[in-house]
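From first to last, the protein sequence lines stand for chains A and B. In this text, residue positions in the first sequence follow the working numbering: the first is 1, and each later residue adds one. In this text, residue positions in the second sequence follow the working numbering: the first is 1, and each later residue adds one.
Honestly, the hints are just simulated from the structure, not real lab data. Worth double-checking, as some hints may not be accurate.
[To be verified] To give an idea of the chain A side of the interface with chain B (calculated C-beta under 8 Å), a few residues:
| no. | residue |
| --- | --- |
| 1 | 45 |
| 2 | 49 |
| 3 | 55 |
| 4 | 57 |
| 5 | 68 |
| 6 | 71 |
| 7 | 72 |
| 8 | 143 |
| 9 | 154 |
| 10 | 166 |
| 11 | 169 |
| 12 | 177 |
| 13 | 184 |
| 14 | 185 |
Cβ atoms here follow ideal geometry from the backbone N, Cα and C, with glycine treated the same way.
Read off the chains here:
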Amino acid sequence: MAPHGHLLTVITFLPLLGVLALLCLRAEDHRWMRRIALATGLADFVISLFLLPGFHMTDAGYQFRETVSWITVPPIFYNIGVDGISLFLILLTTFLTPLAILCSWESITVRVREFFIMMLVLEVGLIGVFVSLDLFLFFFFWEVMLIPMYFLIGIWGHGRRIYAAVKFILYTMVGSILMFVAIIWLYNLTHSFELPDILAALQSGAVQVPIKTELLMFGAFFLAFAIKVPLFPLHTWLPDAHTEAPTAGSVILAGVMLKLGTYGMLRFCLPLFPEASHRLAPFIATLAIIGIVYGALVAMVQPNMKRLIAYTSVSHLGFVVLGIFAFSSISIQGAIYQMISHGVSTGGLFLVAGMLYDRRHTYEIKEYGGLATPLPNMMSFFLFLCLSSLALPMLNGFVGEFLILVGVFQQHAAWAAWATSGAVLSAIYLLWMYQRVALGEVTVDLNDGLADASPREKTILVIVAIAVLFMGLASPLFTRRMQPATENLLHQMDRPHSSGPVLAARPVAVPLPAIAPAAAPRASASAVVNVSATALERAH
Amino acid sequence: MNIPYEQLENVCRLAPEIVLCAAGILIMLIDPFIAAKRAMGWLGFAGTLVALAGIWVSSHHQGTAYSGVIVVDGFSLFMHAVVIVVAALVILGSFHYLDDERIQRGEYYALILFAVTGMCILSGANELVTAFLGLEMSSIATYILAGFRRTSMKSNEASLKYFLLGSFATAFFLYGIAMVYGATGQTGIPAVAAVLASASPSSLLVLGVGMMFVGLGFKVVIAPFQIYAPDVYEGAPTPVTGLLSSAPKAATFALMLRVFYTSFSTVAPLWFWAVWIAAVLSMVVGNLAALTQTNIKRMLAYSSIAHAGYIMVAFAASTAVGMAAVLFYLAAYALMKLGAFLVVTELGGTGEKRLEINDFAGLGTQQPVLAACFSLFLLSLLGLPLTGGFVGKFYAFQAGLDSRLVWLVVIAALNTVVGAYYYLHVIVVMYFNEPQTEFPAQKTGTELKLALLACAVGVIYLGVFPSRVMHFAYTSAQTLLSR
Chain A
1 MAPHGHLLTV
11 ITFLPLLGVL
21 ALLCLRAEDH
31 RWMRRIALAT
41 GLADFVISLF
51 LLPGFHMTDA
61 GYQFRETVSW
71 ITVPPIFYNI
81 GVDGISLFLI
91 LLTTFLTPLA
101 ILCSWESITV
111 RVREFFIMML
121 VLEVGLIGVF
131 VSLDLFLFFF
141 FWEVMLIPMY
151 FLIGIWGHGR
161 RIYAAVKFIL
171 YTMVGSILMF
181 VAIIWLYNLT
191 HSFELPDILA
201 ALQSGAVQVP
211 IKTELLMFGA
221 FFLAFAIKVP
231 LFPLHTWLPD
241 AHTEAPTAGS
251 VILAGVMLKL
261 GTYGMLRFCL
271 PLFPEASHRL
281 APFIATLAII
291 GIVYGALVAM
301 VQPNMKRLIA
311 YTSVSHLGFV
321 VLGIFAFSSI
331 SIQGAIYQMI
341 SHGVSTGGLF
351 LVAGMLYDRR
361 HTYEIKEYGG
371 LATPLPNMMS
381 FFLFLCLSSL
391 ALPMLNGFVG
401 EFLILVGVFQ
411 QHAAWAAWAT
421 SGAVLSAIYL
431 LWMYQRVALG
441 EVTVDLNDGL
451 ADASPREKTI
461 LVIVAIAVLF
471 MGLASPLFTR
481 RMQPATENLL
491 HQMDRPHSSG
501 PVLAARPVAV
511 PLPAIAPAAA
521 PRASASAVVN
531 VSATALERAH
Chain B
1 MNIPYEQLEN
11 VCRLAPEIVL
21 CAAGILIMLI
31 DPFIAAKRAM
41 GWLGFAGTLV
51 ALAGIWVSSH
61 HQGTAYSGVI
71 VVDGFSLFMH
81 AVVIVVAALV
91 ILGSFHYLDD
101 ERIQRGEYYA
111 LILFAVTGMC
121 ILSGANELVT
131 AFLGLEMSSI
141 ATYILAGFRR
151 TSMKSNEASL
161 KYFLLGSFAT
171 AFFLYGIAMV
181 YGATGQTGIP
191 AVAAVLASAS
201 PSSLLVLGVG
211 MMFVGLGFKV
221 VIAPFQIYAP
231 DVYEGAPTPV
241 TGLLSSAPKA
251 ATFALMLRVF
261 YTSFSTVAPL
271 WFWAVWIAAV
281 LSMVVGNLAA
291 LTQTNIKRML
301 AYSSIAHAGY
311 IMVAFAASTA
321 VGMAAVLFYL
331 AAYALMKLGA
341 FLVVTELGGT
351 GEKRLEINDF
361 AGLGTQQPVL
371 AACFSLFLLS
381 LLGLPLTGGF
391 VGKFYAFQAG
401 LDSRLVWLVV
411 IAALNTVVGA
421 YYYLHVIVVM
431 YFNEPQTEFP
441 AQKTGTELKL
451 ALLACAVGVI
461 YLGVFPSRVM
471 HFAYTSAQTL
481 LSR
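Only chain B is shown next, with the shape it has when bound in the complex (with noise of 0.2 Å):
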């Protein structure tokens, strides 16, 4: 047998992309006859680590694969260790969750890495219909992921809620591809742009770059294309909608700055504007929403529609440092918002009972390591030094300084302040009120300590240290930009 070398080095590009899948498969296949069904769970988190092996052997065959539907750069290097890390931990995290749950299942975890290799091929796509293919992949499990509790009202109509404005939405990016393809006749990301920087902008291109914004701004949950977020938020298994808010966002964000950053940097007038509003509505509806619940699965919901509006201010930088301030704030951001789901988790118990935030009161003294880790990432995810939302915020309004962005930068920081308002709240009743209800001195699995561990030191590596994450994001996107 004779594999050509280009074959050879073809595989290596997606070597990850390669391992999750077959972990996933293997799972799907050796379930049946496996009753120990957490066994199924280490599978996945061992294919998840090789999968960051993967990553590794990529990295030394940068380049495009596949006649240039793929590509491995810094960047897509660096938004494959985000999603799979965040896989990894929450295939930690749900272990406990599941049993408790009476649903620890084998395709629970198979899923996820097929959402995850979905996500993969979305921030290594090099052409548009490769990407809706990782954008299906990633939406249709994790839509299944959704309902996973399925004897839960909640859980269920959080599935169908997600399927259904979902399908809407890749329909939406389908039909932008398509108008895209009519108005340059090419589907390559990298061929686009050479025919963009040529050609002006016929309204076939206006409609289609409209519609690939809005089906992409569903999916990152940016406002005015946020409703759906915070039912599916609530209702999905809690270690899901950790997994919910943090990689296909990172995933998502990623193709969308290949695709404007690179195709679509020619006719950036067309969509500066759309970004800077959405950026703003997203800053003011995720906060004042916030403001208001009193669930903390909600809460957290539109917290992170808020933050996907501070990404957007770097987003709209329109420039390398912009893109770099996005790649890192990504990273910061899916470790805190994981985190914190994380501890909802735990905290939660059986059945998702105690999710309103007054069921907190007391925690402080009950449950003080759990409390001090629900503390960091929440002061984090409100920006405070030492953790890694205060630098990724910091990086993100230096881009948009940079870019003369000053009063966006100002409603942004505005914004920060009213999101210290509930994030603290939260602090106030774990600390300050008296218990209301009896915290049972529940067992926290050790699998979702090291998943907690993994989170907080990440958040404060990245606080205290970011250089080496910024430098490399800087230099990535440098390189794609510069191409």
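So here's chain A without its partners, still in its complex pose (with noise of 0.2 Å):
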């Protein structure tokens, strides 16, 4: 940890110093604002790129760690670190927010300071989620963040943009408010707030929780992040906080908040509570389907450009979902993978649904139509980021998609099967779409003297369309990388000691009690195989 110093820490808070470079500017400044909001960005992605080549590959622990006590009563540390989970969310935020600024270069001009400090605060509150491994500093950073997208909708959205606004912070607060109380009454059992102290004392039985706490808990945790996510039927205020948020507020909101959801499944209800979570998995996975189908279903009718590409959202995230609860470790790397290449490309989508806003001030489809005419090259980049959504083989939105299925085929057939009919259908509404804006004739007068990208949105979809190729090229170089993290993942899912007739309940495949006891009754052939198998290593 010594080489690194507080280089997680400079990532997380980097953003702060451009807030009071901000605030330090003449209030008409706004050029400077911009550039100096950008330099930021584009300061912290750098930074962030130096966690690539200290990041070990084979560890599965916590990297470049930092603990320091902050709150003495009751014991709450500043406690970061990330692993092969949280890497590359962590570059995802770092990479969007440059682009976000970037695109809100010329449509925002009203409150242009306030604007962007805003969008730099959120940056350290969403880079704060993915490296925060105390529970009371992640809750802290989870609330932190709400203020400033709520003010990013609020002020900046279009119509109904308070109503949207309030409809965010609400579902928002239900579901974490209820996690803040599990937080605490974690805290009460364990007598810790650090991840890995619980982990520990959970996993050697030291802490014993009974089922139905386990439930109620895993049910407080899981309802905040499945309203992040949004898992249906939670995902109602999902279109109206995309449809009247700023284009940099959606790219955000898709790029990057929607996987906190899925990242804190991941992180905590996993690990904390794998027996609730195995019992759980088939309900889970059932409304993951429903999201996905319902999700690309709904979105083949939408009129609204981003309307339809937030519900692509649903029906992506479901798909993320399912693959966390198949509890392979495939899956579970397809998940990460999904979660990352649809912040690229769905954040895409929506730089591209801004640039036509800025255009022409609405996001309605009929009002567009044979666009490929006068923006030739915007259109080309379009349909790039459609076929990179709908995960066209050797673009980005494949390899996630294609690991989940896998993984999940292994467990669950027939989830595999209902949840492959969204691969279909996402082909069809994307498709479509792009056929209904950038095909045919100039179907609207209006449209016909557009002027095509400009200098400033080509660099930011070239930026785009190198990470979408990138991605969907060289995934092994992500996948290596997430791979211990998620096996460690799996392993910390063991309970030895944990109750007798709920696991002898389950299913037990390829029991190999002489190579690995514990691990063997949990799940079946592949994944004891990856578990075993991480055992063995972790024996030598």
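Join the two chains into one complex using the hints; note that each chain is given alone, in its own frame.
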């Protein structure tokens, strides 16, 4: 930990320096505000890249750890670190924030200073959530980031922005406040807020949690995350928030914020409450599959481009949840991969939608049509992003979806079969949208004279496209770093001393009692091999 | 002259009260001879500062004074600090307001000092009749303060209502004391505890405990004794509302803690469910009623009922953790509530004309600093991180869960979300709505700015570095309960 010093702290709080600089500028100095915000975002991205060379690929534990005592009664620590699960989510955040700032270059003209302050504070909150290993600290960042998002939607949003902002924050708070209660409850049981300590206490059997309590606590955590994801039927805030948010808000919302939910499930729900996770997995998977199909079907008929993209998120994140609750190393790696790639490609789609909005001030699909003629460059990128979102092989979306489906299929073929229909539907709604927007004759005269992508917009689109392609081609670079952490996660789900009868009720596929007695009864074939392999490595 | 050492020490133990009382009397005496009434305010402010130094003096002489009727311990020191700081900030925040309303008078400041003296006695009382004395002293002064805008009907109504119902409540409290005395033969708080430790509770005692609960419940504004609060808070001059909603509540909660946690700890089953029900009622009634308010003062009044409910959650925990949580919550709550009312003082303008929430439309652009302060206090009341309100809720919930009051905590948590709606509504109006009325760029008084700054810094300090305060609260709670 020593050679890296305070790299994570720097990455987390660097945007605050930008905030300070923004506060020092004169109120009418909009140009410099934009430049400073962008420079801060870029600097944070560049610094966050230093995580990669320092990251030990084979190490499944947390790295770049920093622990400082923060509150003494009760003991709460500024305890941060990354592992293979959070590493790329941090990079995703630092990658998307400068893009979001760049896309607001011309569209934000009122309260410019406040806008960029909110963007940077939001970045702090998001990264903070991903690096926190202390549950109190985690919740702290989790709530802190609501405020900037609330203001982003409420001040710079479109027509029904107030309704959307209030709905967004109330929905999120209902879930998170119950999670807060569960966090405190967990503290009262284990006397610690440190995730590693709590896990150790639960795993060693030093603290036994009755199954009823575990189910309740799992419910509280899961509700908070499910609202954030959002999992069907808790998704209704999302289309409103997306439609009304400014482009930058949508990019961050879809790109990063939704992943907080799935990240939370991986980081907290599974390892802390494995018994409850296993018991409830069928229900959650059902909801996820409903979300996949329902999101896709509803997306298909949306007349509003942003709403359409919002519903694709419901569908795509359904895949992620399904991957997580299949409890296989492959599907979980796929889920993490899908989180990143969804952030890039959906973020990209929202960026294009925002560029169109800047020109025509509408998201209605019927207001467009035949845009490929006046806007050839932009529409090519749009098609590229649509293809990436519908999981064309070689592009980023494919890797995640494929890994999820493979992993899920090994566990539950039926789930995978249902989910696959979502993959088919995604081709329909995305290509249909593209056809209605871009192909054919120009249907609305106003669109004839639209200017094609400006150099600034081209820069944004090229960067996103490169990321899409890179992730599609070089996926092992990512998965290799995720694998140890996911396997470790599955290992953490083992409770050697947990209650007997429930374990016995689960089908035991390939018992390997001699090698890893604890691991065996948990899951079916492949997971067992995975887990016991890890256990073996551990033993040596 | 030969003053026995013990007398001197007693004086030291009462240093804050003596200073406050002396400053008040001094103001009354010289008021007729001085035309610049602001000087009286500064005198009062100086009095509170000296009283804060007096806390430091008395902290070096912990123990009981005057045959055990007053006690100086960590617990009472903590509450002294809270109420005196509140008084100092209220005085700072009143200068401009009183000028504006043309009611700049010396007795206003004297009354604040007397009220705070009463509250100090209340939080240091170790004997029930002394506690009653403190309660009366603070009540009577605040009855007058509530009616200080003599020409306003609402202010008069507030004063009268507060006086009538308040006297009724104090009578309840006094009856309660009498019955407890009848049942135990004692009025000393530790003495009652000692008697109850060995005797089984009689019906007289049950009645006494109940009546004391009603009397004190009225003063801390918990449901179902909350009926008067919105009218009084609305009618009283806004800085006085700030005082009413924070300091008496803190001092009375202090007494409640001391009496119920020590004297009546052996009969906890008698009052536990009363506290539980009062907590739920206060939270639900306060939050639901606040949802429908259009007047900011009434909304904040209902929110203070809800907050009394959150405090009762920690109260119901009946442990040292709960007691410490109540203390911390009271400190954070006093600062944020007072801060909110001070902002309203400023925004209300001459004659308290702009008190409808919709009047604040567009405030975010017209008065950015004031709006930011207001948002901070509202977010703290709502309980978002970085603020003392958040940490206060955290401690309250933790205390509740520690005592396995899971459902009570869950109800409290869900109430927080209801609260979010109306606190955020004010922020929505301030930042998201277009300005409707012109907000004249009026000059905010320097004193008020100072007071707001102090509240804001305090709220953030408690939100980011709560350790020292909580540590102090926890150790004092433990010492008190282990005695």
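* Asked: Given residue 55 of chain A as an interface hint, is the shortest Cβ-Cβ distance to chain B below 8 Å?
  -> Check failed: Cβ of residue 55 of chain A comes no nearer than 29 Å to chain B, outside 8 Å.
* Grab the minimum C-beta distance from residue 166 of chain A to chain B and call the hint holds if it beats 8 Å, violated otherwise. => Holds, because the Cβ-Cβ distance from residue 166 of chain A to chain B comes to roughly 6 Å (cut-off 8 Å).
* Asked: Does the interface hint hold: is residue 185 of chain A within less than 8 Å of chain B, judged Cβ to Cβ?
  -> Cβ of residue 185 of chain A sits 5 Å from chain B, so the hint holds.
* When the nearest CB of chain B is found for residue 143 of chain A, is that gap smaller than 8 Å? -> Holds. Min distance 5 Å.
* Restraint outcome when residue 72 of chain A is required to lie within 8 Å of chain B by C-beta distance -> Where the cut-off is 8 Å and the nearest Cβ of chain B is about 4 Å from residue 72 of chain A, the hint holds.
* To do: With chain B as the partner, please determine if residue 45 of chain A meets the hint condition of a C-beta pair closer than 8 Å.
  => 26 Å, violated
* To do: Identify whether the interface hint at residue 49 of chain A stands, where standing means a beta carbon of chain B within less than 8 Å of its own.
  => 29 Å, violated
* Against chain B, run the beta carbon of residue 177 of chain A and see if the smallest gap drops under 8 Å. => 4 Å, holds
* With 8 Å as the cut and Cβ atoms as the points, is residue 154 of chain A at the interface with chain B? -> 5 Å, holds
* **When the least beta-carbon distance from residue 169 of chain A to chain B is tested against 8 Å, hint result** => 6 Å, holds
* Per-residue hint verdict: residue 57 of chain A, partner chain B, C-beta under 8 Å -> 34 Å, violated
* **Interface restraint verdict for residue 71 of chain A against chain B (beta-carbon cut-off 8 Å)** => Holds, about 5 Å.
Against the hints set out earlier in the document, violations occur for numbers 1, 2, 3, 4, 5.
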